[in-house]
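Novice: Letter by letter, the chains look like this.
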Amino acid sequence: MSRNPYVRPVSTTTWYMRHGRYKVYVLRELTSFLVMFYSFLTLVGLSALAASAERWDAFLASQQGTGMMVFHAVALFYFLFFQTFPWFKLAPKAMPVQVGEKKVPDNTIIIGHYVAWAVLSLFIFWLAGVL
Amino acid sequence: MGTRNIELEVMRYDPEKDKEPWFQTYTVPCLEDWVILDAINYVKDNLDTTLAYRWSCHMMVCGSCGMMVNGEPVLTCKTFVRELPDKVRIEPLENFPIERDLVVVLDDVMQKLHQVQPYIIRKDDPPAEDQEYIQTRGSLAKFKQLTMCINCMCCYAACPQYALNKDFIGPAALALAHRYNRDNRDQGKSDRLDILADHDGVWDCSFVGACSEVCPKHVDPAAAIQQMKVDGAVEFWKQKMGIPGDKS
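Quick note, the sequences are listed as chains A and B, same order.
Counting from 1, one number per residue, gives the positions in the first sequence under the numbering used here.
Counting from 1, one number per residue, gives the positions in the second sequence under the numbering used here.
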């Protein structure tokens, strides 16, 4: 009897269509483009602020059209949270904490992340004069 | 106890006759408490003696009955027929070459398991006869979960990274390496570093997390790999700043 193992082909371009969990992963990775967009937008905003009051007002006005508002809402509340929630959930996997013989429960670490997020956000709102 | 007929679509491949795999359907009268492995055994015993597949313990210990059941890598001894629809598709584990029918070629992962040196490495002299390497419960807790792996290779079948790059060391072998790196009796971390920190080591993992989702023993290889990335980054910066590294 001779050996003749069969290797099943794998598509390098459509591999993620094979399973739901791969699609979720690819969607999560695609949100990195939005992270890039927001980094760029911050730079544009900062440069406008540094340039003049008129440029800053123009920048603010440019973000307040209906189209841009809808885009920001979808991008922030869906895609970025789609990135943030899973990463908070995965945090205890990458950074498990053990005190003595006991592992700190995953939920404690996850809740810690949300608390830190809320505190930092409030601090930024306070800095910005919103609070 | 009544029976339920299920259509078992089984992938067949005869290396001496077939150019590529094909599906054969068997109708199997399953009992309420059967797992998929029972249904496959029924086929072998009553319908078709030519069907080739691996199994041994039937109790989630030996790790040899891993197969794709409706596209999901599972231990067939742990997968109940009652939880599945009337049509069930059985394929050999994905991402491995098919030797025959449901038997896959595991040479590649066997070599990778060997490559990560999964044993305790000591740099100092062995202890005197009346002494031993002390391990506390706390230090055991750091890696105990990782010792549960039974090498069923479901994680490799689920890993899209391994599907695309066969040089990737992969979930089970990396988790095993981490198990020894975390063992306080081991001093071989630096010996394993070249393999693990290489492009085909931990950094090839993009954290899809599929390995941990399918692991029948809850080993969580994805977590182990991310922890190794953190360890690797810490070691890198320690070296950059001239801080003495790990004990090994």
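Hints are computed from structural coordinates only; laboratory data are not their basis.
Where is the CB? At the ideal position from N, CA and C, for every residue including glycine.
Treat the hints with care, as some may be off.
Unchecked claim - Straight-line alpha carbon distances no greater than 25 Å define the calculated PhoX-like cross-link-like pairs of lysine-lysine that follow:
1) Lys-93(A) - Lys-44(B)
2) Lys-123(B) - Lys-89(A)
3) Lys-229(B) - Lys-217(B)
4) Lys-44(B) - Lys-17(B)
5) Lys-142(B) - Lys-238(B)
6) Lys-103(A) - Lys-93(A)
7) Lys-17(B) - Lys-102(A)
8) Lys-142(B) - Lys-87(B)
9) Lys-166(B) - Lys-102(A)
10) Lys-89(A) - Lys-102(A)
11) Lys-166(B) - Lys-23(A)
12) Lys-23(A) - Lys-103(A)
13) Lys-229(B) - Lys-93(A)
14) Lys-44(B) - Lys-78(B)
15) Lys-103(A) - Lys-229(B)
16) Lys-217(B) - Lys-103(A)
17) Lys-103(A) - Lys-89(A)
18) Lys-144(B) - Lys-89(A)
19) Lys-102(A) - Lys-44(B)
20) Lys-78(B) - Lys-17(B)
21) Lys-93(A) - Lys-17(B)
22) Lys-19(B) - Lys-102(A)
23) Lys-238(B) - Lys-93(A)
24) Lys-217(B) - Lys-89(A)
25) Lys-78(B) - Lys-238(B)
26) Lys-19(B) - Lys-217(B)
27) Lys-238(B) - Lys-89(A)
28) Lys-166(B) - Lys-103(A)
29) Lys-166(B) - Lys-229(B)
Said to hold, decoys possible - Stretch-level coverage of chain A by chain B, calculated; a stretch enters the list once three of its residues show a Cβ under 8 Å from a Cβ in chain B:
30) 30-40
31) 50-62
32) 75-83
Novice: Now, for every hint given, state plainly whether the structure supports it.
Specialist: Verification of the supplied hints:
The straight-line distance between the Cα atoms of Lys-93(A) and Lys-44(B) is roughly 42 Å, outside the 25 Å bound, and the hint therefore fails. With a CA separation close to 38 Å, the supplied pair Lys-123(B) and Lys-89(A) exceeds the 25 Å bound. Proposed proximity of Lys-229(B) and Lys-217(B) is supported: the alpha carbons are some 23 Å apart, at most 25 Å. Taken as a hint, the Lys-44(B) and Lys-17(B) pair is honoured in the structure, with Cα atoms around 20 Å apart against an allowance of 25 Å.
Between the alpha carbons of Lys-142(B) and Lys-238(B) the distance comes to roughly 22 Å, so the proposed pair stays at or under 25 Å and holds. At roughly 12 Å between alpha-carbon atoms, Lys-103(A) and Lys-93(A) fall within 25 Å of each other, so this suggested pair holds. Between Lys-17(B) and Lys-102(A), the direct Cα distance comes to roughly 57 Å. Violation of the 25 Å bound is thereby established for this hinted pair. Restraint check: the Cα-Cα separation between Lys-142(B) and Lys-87(B) comes to about 42 Å, which exceeds 25 Å; the hinted pair is violated.
For the given pair, Lys-166(B) sits about 37 Å from Lys-102(A) by alpha-carbon distance, which is inconsistent with the 25 Å threshold. Only pairs whose Cα atoms come within 25 Å are accepted, and Lys-89(A) paired with Lys-102(A) is accepted, the gap being roughly 20 Å. Taking the CA atoms of Lys-166(B) and Lys-23(A), the gap is about 21 Å. The hint holds against a cut of 25 Å. Of the supplied pair hints, the one linking Lys-23(A) and Lys-103(A) is violated, its CA atoms being roughly 32 Å apart against a limit of 25 Å.
For the suggested pair Lys-229(B) and Lys-93(A), the alpha carbons sit about 12 Å apart, so the restraint of at most 25 Å is met. For the given pair, Lys-44(B) sits about 19 Å from Lys-78(B) by alpha-carbon distance, which is consistent with the 25 Å threshold. Proposed proximity of Lys-103(A) and Lys-229(B) is supported: the alpha carbons are some 20 Å apart, at most 25 Å. Note on Lys-217(B) and Lys-103(A): the hinted pairing holds, with a Cα-Cα distance of about 19 Å set against a maximum of 25 Å.
For the suggested pair Lys-103(A) and Lys-89(A), the alpha carbons sit about 16 Å apart, so the restraint of at most 25 Å is met. For a cut-off of 25 Å, the pair hint linking Lys-144(B) to Lys-89(A) stands: about 22 Å separates their Cα positions. About 47 Å separates the Cα atoms of Lys-102(A) and Lys-44(B), which puts this hinted pair outside 25 Å; it is violated. A threshold of 25 Å between alpha carbons decides the hint, and for Lys-78(B) with Lys-17(B) the separation of about 32 Å lies outside it, so the pair is violated.
A C-alpha spacing of about 47 Å is found between Lys-93(A) and Lys-17(B), which places the hinted pair above 25 Å, so the restraint is violated. Distance restraint check for Lys-19(B) and Lys-102(A): the Cα-Cα separation of roughly 55 Å exceeds the 25 Å cut-off, and the hinted pair is therefore not satisfied. Note on Lys-238(B) and Lys-93(A): the hinted pairing holds, with a Cα-Cα distance of about 23 Å set against a maximum of 25 Å. Distance check on the hinted pair: Lys-217(B) and Lys-89(A) sit about 21 Å apart at the alpha-carbon level, within 25 Å; holds.
Simply put, Lys-78(B) and Lys-238(B) have alpha-carbon atoms about 45 Å apart, too far for the 25 Å limit, and the pair is violated. Distance hint between Lys-19(B) and Lys-217(B) is unfulfilled; the C-alpha atoms sit about 36 Å from each other, more than 25 Å. Of the pairs offered as hints, the one joining Lys-238(B) and Lys-89(A) is violated, with about 28 Å between alpha carbons and a cut-off of 25 Å exceeded. For the proposed pair Lys-166(B) and Lys-103(A), the alpha carbon gap of about 34 Å is over 25 Å, so the pair is violated.
Annotation: proposed proximity of Lys-166(B) to Lys-229(B) holds, straight-line Cα distance about 20 Å (limit 25 Å). Figure legend: the stretch 30-40 of chain A, annotated as covered by chain B; annotation inconsistent (0 residues with Cβ-Cβ distances under 8 Å, at least 3 required). Coverage of a stretch by a chain is defined here by at least three residues with a beta carbon nearer than 8 Å to that chain's beta carbons; for the stretch 50-62 of chain A and chain B the count is 0, and the condition is violated. With a threshold of 8 Å between beta carbons, the proposed coverage of the stretch 75-83 of chain A by chain B is violated, since 0 of its residues qualify and at least three are required.
Hints 1, 2, 7, 8, 9, 12, 19, 20, 21, 22, 25, 26, 27, 28, 30, 31 and 32, counting from the list given before, are not met by this structure.
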